[in-house]
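Turn these sequences into a full structure, and let the hints guide you.
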Amino acid sequence: MIKFDLSLFYPKSQKTGLPPGTMVYTGNQPQKPVKITVIDYDENGITERTAESTEDCFAFKETTTRTWINVDGVNDISIVEKLGHAYQLHPLILEDIVHIGQRPKMEEYDSYVYLVLKMLQFNPADGQIEVEQVSLVLFPHCLITFQEDKEGDVFEQVRQRIRSGKGRIRKMGCDYLAYALIDAIVDHYFIILEAMGEKIEHLEGEILYATDKQTLPKLHHTRHQLSLLRKSVWPLREMIGVLERSESPLFKKATRPFLRDLYDHTIQIVDTIESFREVVSGMLDLNLSMLSTRMNEVMKVLTIIATIFIPLGFVAGVFGMNFDHMPELAWRWAYPVGFWGLIVLLILGMLYVFRRNKWF
Amino acid sequence: MIKFDLSLFYPKSQKTGLPPGTMVYTGNQPQKPVKITVIDYDENGITERTAESTEDCFAFKETTTRTWINVDGVNDISIVEKLGHAYQLHPLILEDIVHIGQRPKMEEYDSYVYLVLKMLQFNPADGQIEVEQVSLVLFPHCLITFQEDKEGDVFEQVRQRIRSGKGRIRKMGCDYLAYALIDAIVDHYFIILEAMGEKIEHLEGEILYATDKQTLPKLHHTRHQLSLLRKSVWPLREMIGVLERSESPLFKKATRPFLRDLYDHTIQIVDTIESFREVVSGMLDLNLSMLSTRMNEVMKVLTIIATIFIPLGFVAGVFGMNFDHMPELAWRWAYPVGFWGLIVLLILGMLYVFRRNKWF
Amino acid sequence: MIKFDLSLFYPKSQKTGLPPGTMVYTGNQPQKPVKITVIDYDENGITERTAESTEDCFAFKETTTRTWINVDGVNDISIVEKLGHAYQLHPLILEDIVHIGQRPKMEEYDSYVYLVLKMLQFNPADGQIEVEQVSLVLFPHCLITFQEDKEGDVFEQVRQRIRSGKGRIRKMGCDYLAYALIDAIVDHYFIILEAMGEKIEHLEGEILYATDKQTLPKLHHTRHQLSLLRKSVWPLREMIGVLERSESPLFKKATRPFLRDLYDHTIQIVDTIESFREVVSGMLDLNLSMLSTRMNEVMKVLTIIATIFIPLGFVAGVFGMNFDHMPELAWRWAYPVGFWGLIVLLILGMLYVFRRNKWF
Amino acid sequence: MIKFDLSLFYPKSQKTGLPPGTMVYTGNQPQKPVKITVIDYDENGITERTAESTEDCFAFKETTTRTWINVDGVNDISIVEKLGHAYQLHPLILEDIVHIGQRPKMEEYDSYVYLVLKMLQFNPADGQIEVEQVSLVLFPHCLITFQEDKEGDVFEQVRQRIRSGKGRIRKMGCDYLAYALIDAIVDHYFIILEAMGEKIEHLEGEILYATDKQTLPKLHHTRHQLSLLRKSVWPLREMIGVLERSESPLFKKATRPFLRDLYDHTIQIVDTIESFREVVSGMLDLNLSMLSTRMNEVMKVLTIIATIFIPLGFVAGVFGMNFDHMPELAWRWAYPVGFWGLIVLLILGMLYVFRRNKWF
Amino acid sequence: MIKFDLSLFYPKSQKTGLPPGTMVYTGNQPQKPVKITVIDYDENGITERTAESTEDCFAFKETTTRTWINVDGVNDISIVEKLGHAYQLHPLILEDIVHIGQRPKMEEYDSYVYLVLKMLQFNPADGQIEVEQVSLVLFPHCLITFQEDKEGDVFEQVRQRIRSGKGRIRKMGCDYLAYALIDAIVDHYFIILEAMGEKIEHLEGEILYATDKQTLPKLHHTRHQLSLLRKSVWPLREMIGVLERSESPLFKKATRPFLRDLYDHTIQIVDTIESFREVVSGMLDLNLSMLSTRMNEVMKVLTIIATIFIPLGFVAGVFGMNFDHMPELAWRWAYPVGFWGLIVLLILGMLYVFRRNKWF
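Just so you know, the sequences run in chain order V, D, F, L and G.
The numbering of the first sequence is this note's numbering, which starts it at 1 and goes up by one.
The numbering of the second sequence is this note's numbering, which starts it at 361 and goes up by one.
The numbering of the third sequence is this note's numbering, which starts it at 721 and goes up by one.
The numbering of the fourth sequence is this note's numbering, which starts it at 1081 and goes up by one.
The numbering of the fifth sequence is this note's numbering, which starts it at 1441 and goes up by one.
Don't read these hints as lab results, they were simulated from the structure.
Fair warning: this is a prediction, and the values are worked out from it, not measured in the lab.
Where is the CB? At the ideal position from N, CA and C, for every residue including glycine.
Among the hints, erroneous ones may be present.
Facing chain F, from chain D, some residues (calculated, C-beta under 10 Å) [said to hold, decoys possible]:
{"#": "1", "residue": "His450"}
{"#": "2", "residue": "Arg463"}
{"#": "3", "residue": "Leu644"}
Printed below as a string of structure tokens:
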């Protein structure tokens, strides 16, 4: 069973009443220590290190190489704040980074671009969907990423590609790095789609028999999950559309085709979810229709049986009466010929009427 | 139970037939005295006073400090009129300020901007939603706000922030003050959403049993409330969208990111309401489907019992007839073997047919 | 009961086959005499007269004062034609003026603007809605209005305002006069909305009992009426939107805010109708759901009674059989202990099964 | 009964695999001879003749008078081809002219405009709707029209107007002629709408009784027809919208107001169809609801009768048993007082329960 | 039965985690050898050959004649890669060519245009729909097409037209060739539409009797197929719309009218599918309504029979009781007159009540 934790899709209101720009961590992992890793690379080489403190990152600030600062865990507000001040981020951005439950969006500022989106990870072990908020701040020579520190790291494959130096990632700028990370996140949506697809196919098999009382709630549940997924993908698509059409000089011409490709992927995700929704809605309709067809049939059987036997019962009842003067009772062939003949005639007449009305 | 007072969402028609610009108070608190407070502040200091008369406010008219004139209660038309004339407000604005039931909107005039919106306040004590109309008129160095004088004051927190002098509110202009007030109003919508969310979760638990006849009306009622909430939030979102995109010189560049943030919040509110609606609609569908599944089951039981026992009843009736010549009645094993054998055969036959048709 | 005369919403086809520009009166009051009134005014004075012939109006043609020519009744085509020629109106406009059933629209010509809209008047006496077509032709110094001559005159209040000389109407141009007349028409929609609102509230009370067979048709009828109202308001809103955004020099800057206000009113009307529709649809759904819940209950009672008593009836039937050899019949306690014990056991067993399946 | 020939709404695929521009006649009247009529007119005079061959038309090619060449029947491809070459029409246009089943559209070429639309004609005799494809090619001084040669000719009235010389048709150019022809076609849609309207009103009467089994299929059939009509009108509206907004120099300023008027007519047609659809959908809903209300009632009667008499039957069965020891049978007042008293008590108890549950 | 292989509509996720631009073949025909054919032609002549290796194609690279390189089978990645490098295609294009399951799209690059779409082929033998991905890369003097190597080749007819030298294909550029190929693909959709149309007509016949239990699932199945077809046609239409409006200099003015024609075809396909969907939805509604009408009827018969005979059975049961003192049993005319009279009276009374309630 695939499970969605609804509460992760919507922001908490515990900040109500605070002035804008106030940083309040609203995730549910307040205890974990924050881990900062810095990867500095260009076409020729790569330096990778785990920063002990935020000050460690500042060393790379003035270099012309590409610097990727990854912050794992946003529960320690002071760290985010220090980084924010060093890189002159707007207070509202710092607020959004730690305020879990943001709607995916892209915001362009004078010297940097802020991107926030949701990483969905499917845990096949327990069918759980994990939602993790990822923030990216893109500068000309630097990319800072913030993620909640959950199990699994979808960025690892990108890190490997940088280390190996193969492909074009080391040759291109930070904008391509940002693209590569978002692409890795979007790719994970396809895995969830596949799991949903399998579940739907399984339900399709079940529906043909329609005997299981649980099919209906399961279908409703699946439709509900697809609604949630859709609600979470639409703003993603929108945000990547904004990203693709953005004229920010931070995204260079060479990266543009990749952004277009990324946008195509999100359209495919949306398309697939819409198809799934239509399929599940169709299955719900079919299931309900078949329930009512079955009901119809059951009712017909009841009606046929009752319509035949209730009158017959009356006839038998008549001849079971105890009137003193019922001359037919005394007739020799009354029972074998009269009674049974009447019964057979009644049954044949009924069957004829039913048949004419196309009841069976 | 959360209660909405419908009549507050729509304007009264008691003004029909009057010339445009005629000021008629249409709220339901005509008696309360009007209270005017003036806060004049800049980065260095703050003056706060309760104005005895409208003339008290004019003292601040020519200063370059920021002046916030807050009018609590719009039932005294003469006060609104005097202020309006002093600040040269358009007659249509004065009419809208006192005409409760306005659709949230923003109107730009040559030297000021008029904003009207609805403040929704949730009273957890009695589950009542209070709707209060708030008007803001923004000048370069002055902000005038008009609110109906109801219980609770959502502006108090903003006042505190001005008094304390912390944060950026004292450093920025009246446009930021207007933003801060609207933000305080929008934040209160999240509290109502949370109350609705809890109610829906509670109903979700109830629905699994579907035995309560009250579940259906409750679901319909909740859907109805969400419709109302939606109707009240859509124009708000629209208005804040207009505000964000507005090119009025009254809103300075430094305030713009905050307006964008505000707009994001209203989108999140709309998104959440839409999700709630979808969830409740899904629950309604599920509830109805489960009712009809249950009905189906009940009908099947009736049919099985009736289909088995009505023919059996006929058989018993036959042997209860009083014909003189019914030779089988006299046979020694007629009752224990013949009759009961026939009964058992009939039952087994029926069960076989039912089983083959997958009735149970 | 509020009644709509459908035929008034759509144009008659009796003109099919005639060349465009042919004037055919398609209303249903061909006999009434046409009445022309002329009001000529400026800030300083007012001249009011009833014109004997169309020529009487031409006197005001060259003046710089504002002239309002109101034609009551459009059944006399020659009058409309003469006026049209004198003021050089396009033949298509003349055709539309007399061709009742026009869709509200605004058309800009070189030297004038043509506006046509529908006036809805609610007659509380018989619940009838009267639909009247009103045409306005606005010149720089002159406004010509054409209305069908029905009972009641919504323009009278505007006339009073001109006569009294209070307010701004005498100070402003003919564009403001046109606005004032349209505003008077739009105001009347709110009265109809209020009548509909009361009707809906009344139905809301009825629905809670759901015993009245008439509730369903009534709800359908109300939804139908709201559809009609909506169909009639949407083009009005559209037309006033066009009017507001129009860049025609005939509408001066001072009148613009009033047009914006007028547009806000039509949006509120549309909003309210949409809300009403949603409420009524929700009531229909609820009513149907409650019907099927009731049905469910009735069926359960039938099933419980039938399922208990049909088998019992069979048992009684068995012991009413006339077999010669039914030893149990002779047993001393067969009836009081055996039979009634069996009956009680059967009933208890059934009740246990029903209870376990949560049937009651 | 109004009948639509569906196959006429969609193009045949018999052309699949042929190169574009191949002319294949796909109508169903391949045998009829083609008739070409030429009307050449200006303000002063008119020449009308039936062309023996396509070459006859070419005589008018260089004149400055307006020439209208009407081709009745498009089954003879060679004729269309010759005309096409003489007037230098694009091969794709020639293909579309003979390929019945085109979607209404307007295509602008360098020196001419191509218009194709569907003429719907209602035959009141047999209720049949005839669909005929009409193509218009407009040159500065010439209009060529192609129509399938079916019964009835909607262009005759326009021809009469040219012959009579009244009105403005002789004074204006070929663009006005094209407008007049399209207007004649659009006018015929109103006649079909009126026939549909009468049918719907008739069904509205039927629905109130809801006893006729045919009402439901009839309503579905009507909704289906309205869907077809809508599908056929939408592209027409779109095409006339394109025509109205077109900046082609072929349409002169004097003709523009007429095109706008034409567009208004198509909007009214679309509006009316949408209203009809809503009315019919509402009737379907109401009919279904009333069916289920009736079902509910029938079920209640069944349940009341069965619930009362099945237990009574059991009681009678009990006293019909043949146990040797049933002391109550011997009691003097057992039958008149005991039995009938029990029966009356049972009935009264049942009725009380039913009444309390508001079953009747 | 028309069968759609769903998996072909959506891309496989087996590429998740790979860097963008990685070429992975995701079709299901990995073994077939790839076949490359080259056709080089201009107005005067044609050279046709099967290329042994990719290098064979390069010979035509510098010519000014039109070159069409067709690659049958995209499973051999090295071939696609070599061609891609020779013609300097963007890595993302190469990835899309071999990654089966692309959404139809058009991408413009500096010196070429990339088009990908889906060819649907209907196999009437087994009712199977085959989906094949086709990629086109258009250069000024060269067109490269890639198709999966499936049975049947829709391009053969275009090849024939080039060979024969008839029509305009040899006279026009590669843009026309690209158009001709896409047109051939789009034409095949009409064949599928016709097959669907016949199926729907067949179902329309079935529905009138509504006795077949399979009708409902069949209708649902057809609606589902139409949804799939729609999902596959919408992006095609969108892509051809982009193609038509594209301002790429690669598409010359002479080809433009053909692109417009192509776009009209896709609109007709979409229109027809929408009509089919509406028809099938209407049939589903009608079928369900008729099921419930039938159910209603069946219930009425049951109710009439039961309501008449259950009371009669009770009466017969009463006179079958064995009370010692039932004086009526001894009356001479009790049975023939009393009993049967009572029965007849009861039946007539019931029938009267039923008739008054319009039950039959």
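So, going through the hints one by one against the coordinates:
1. Proximity of histidine 450 of chain D to chain F holds as hinted, the smallest CB-CB distance being about 6 Å (cut-off 10 Å).
2. Checking arginine 463 of chain D against chain F by beta carbon gives a least distance of about 6 Å; that is within 10 Å, so the hint holds.
3. This hint holds: leucine 644 of chain D has a C-beta 8 Å from the nearest C-beta of chain F, less than the 10 Å allowed.
No hint from the list above goes unmet by this structure.
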